Amino acid sequence: MLFIVWSFFINIGIFFWKNDLERSREKNLLQRQKADSYGHTTPRYDLSVGEETANYLRFVPDALRQRLIILSGMSQMYAINDQKDEDQTISEWMDDLLKASGSRVFGLAAPNICNEEVLLLLLAMANKAYTKPAVFIYGLCFDKFRNVDLRSSYEALLRSEPDLMKKWEFLANEYRDRYSKATDKMLSTLKSLSEEKKKANNSVEKVIRRHLSNLVPIIGAKEDLNAWFQGQLYLLRNKLFKIKPTSKRPQIPSRYQLNKEFLELFLDEAKKKGVIPIIYIVPLNPQAENPYVPEEYESFKTWAKTLCEEQHIPFDNLENVVPHADWGEFLGGPDFKHFRGEGHRRTAEELVRRFRSYFVTN
Amino acid sequence: MISEKLKEIVRHEFDAEGIDLNDDTMATDVPGWDSFSHISIIHRVEKEFGIRFKPLEIISLKNLGDLQAFIERSASK
Amino acid sequence: MIFTSYTYALFLFLVLLIYWGISAKWRKRFLIFASYTFFCSWKWQYGFLLLGLSVFNWAYGRWVIKKNGQRKYLWPGIVVNVSILVIFKYTKFIVQNISFVNVRLGGNPFSIPNILLPLGISFFTFQGVAYLVDVASGERPFIKLTDYLLFKAFWPQLIAGPIIRPREIHDQIENERKWSNENIEYGLKRILSGFFKKVVLADNLAPLVDAVFLKSASPGFIDMAAGVLGFGLQIYFDFSAYSDIAIGSARLFGYRFPENFNWPYLATSPREFWSSWHMTLSRWIRDYLFTPLAVSFRGAKAYMLLAVMISMGVCGLWHGAAWTFVIWGLWHGLLLISGELLFPQKKKRRPSIGYMIKYSGWVFTMVGVFIGWLLFRAESIGAIQRIFKSVSMAPLLKPQLMRENQLILVATIFLFTFFVNLLKKLGWQAKMRSSQFWLEVRPLVMPLIYAVAVAIIIIADTGSKAFVYFQF
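Chains as they are written, first to last, in the working numbering: chain E, 1 to 362; chain F, 363 to 439; chain D, 440 to 911.
If we strip away everything but chain E, and leave its shape as in the complex, we get:
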């Protein structure tokens, strides 16, 4: 029937469109380079930016042989505006600065990362002696406190290691009284993972999907197509509701609470495991309007500072360390949270300067 003809055409179209789609998806993730084309240099951060993190864990420097420092946060950690060949990301600059002193830095950032995800990263790294960091740096970005849930590759990471899942559950029960929201969310994450396991663990289904992905273009490209479609919806939404990058986005109370608890849990657990957590407020473009409600942002910074001071956790506010010239543009205006190559270098230098005593063992 004609149905088959139409389907055939759609698939042909998608086959040719695939490469474009992949590239546009990487662009949206602000990925610097194609994830699997790192060539001869060993990756010094998760190039997949949260899409295939498990594949990059093998590049984490051996924690047993040197002092390992993890840098985590959102897209500012790896996105470079107006990228030039010699540009590097924050974690790579830091690695260059500290290598001689026997410390190595590895970046584990992902776009729109939320605090539940950072907790997972900490636990996953600390789970094995050769990836357990001495220091875990997390750059706080206020608008990420609007996000919740683990992304699929992080879920896959959790699901792939049964003892990590057990530790996750144990942790949730341990902190149940102190962090009721966060622990409840952790348990619900676990629940949905075990349900997924039951569904997708059907090996027949997996085999069929793998073969179909290779044979049928649309099935192979569905992740990219989905991302493209979501992107279009996102643009439509912005148009309809006149939302610009500078439109004020207030915090969503329930999610904000949840993220706060996760951060506190993260700090407690890091200390317990003998990992030094370092918290900093990420640099913002001084001449760009940000979408934060000023009172909310101020109270957020105060909260973070107080929290760290009370628990003697290294903390600093790096909001203003990158001058306006080192930032780039976004959607026709100044980008308020992604900088150029210079910005990465400056931030790295500031972090090393302010927290050197934790990075280097004398």
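To list a few chain F residues with every Cβ distance to chain D over 10 Å, as calculated: (1) M363; (2) E366; (3) L368; (4) K369; (5) I371; (6) G380; (7) D382; (8) N384; (9) D385; (10) T387; (11) G412; (12) G427; (13) Q430; (14) R435; (15) S436; (16) A437.
DMTMM-like cross-link-like pairs, simulated, lysine to aspartate or glutamate; straight-line CA separation at most 25 Å: (17) E/K301 with E/E349; (18) D/K828 with E/D177; (19) E/K242 with D/E843.
Note that these hints are calculated values from the structure, not bench results. Here the structure is a predicted model, which means the values were calculated and not measured. Note that CB positions come from ideal geometry on N, CA and C, so glycine has one too.
Following the hints, complete the assembly by docking chains F and D onto the known chain E.
Using the frame of chain E, we list chains F and D on its own:
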């Protein structure tokens, strides 16, 4: 053949004067015939014809023709 | 295997090929074999339960009831079916409640047994009861065991209905099914529709609904409203999708199943809602529970109300072994009763007043039904209290939990499906379908629409929650 009395009972229940009712008419053919109307009609039939239904007997009635036949059978007892 | 999986598509394809390939006399037996394979793909041990119950019901219907006349022989058969359901589904619930009472009286809590629930047990036990009662009331029983086995185990209706009455399928099972292009086309369209509803609509609503009902969530009023609306849509799409795939799958083999849904969210009274929601279940409740009760309670209107409440309470309990389901059922009982009083069905009215009453009836029904969904979805009475507390403490119109995208998603899906079905009900779809333009364009456009629908289904099926990889 559906008696006029029975037709009138059904028509009254659904306020539908013009509806065509014959031996093969089933509950699903009449819009709005649901559990409540069912009971309502049963009650009225019991009252008007002086008979009593047993639950199993109601289930066996597939259409109006069955109902009519049942009424006639019970009336002759 | 789940209906909405590539595995099922493969299974269906293979079974279809073989079925129409082999000679007619082997087809029924093959379908039985395929059905048991399908059922045992979850847990093979339960295949024996299904087989045992099937043989029992068939034998009981054929000999005990038929030969020995009605009622007193009917009850043991019903008890066997219901006991199996109770043992597997309600033991834990019963023990929990007895333990609760015991603790209140100063005793120790009992250990709660954990019995794994065989899939579809609520359906095939209810179907068993229906079969025995129908046979006792004069229906022709299945003479051949293979016919009965097929009736009971035919996989499209095994796990989640529709609950089929023997008279609807007896002739179809006894007589040979013939290939028909129409059936294949219809079946595939129905299955496609089911996949679309489940993968694209229900599964995308699920995460947002879950977020509202999470224990750690603090929803405000808007969040709760979105969650409840979202859940009402989710459960409708989910369930009607399963029915679509069931009906479509059966049609591929030449079997016609009864319908289960008729766009219930256009109902203008609770009564009408139950005539369009899970129709085969409400039919079961009506024929085997409500009518017998109401007729036995003949006379006082109050007793009829009691019959309604009991029936709906059981209906609620059937959905799940928890008090929230019972409360949901009773709530619907109250809705039905008050709906009858406020919006009586008959009485001729002036058209304008008629419209007003219909409209207010719709609002009343929708509010009632969706409050019901809140009761249904909340995991416990404590959860309902928690949600209300959280809502009362937050500002009325500010979302505490949802992002705009999610609110927009729920609203869009609701409005879209509402209008499409409203137009259908008002007859516009039929008018458009018969227009000259459509008749000419149809053969070219419909296959494209189907191809696009399949594409959308494939794209929407991306595992866990959708993520927008943007800067904010």
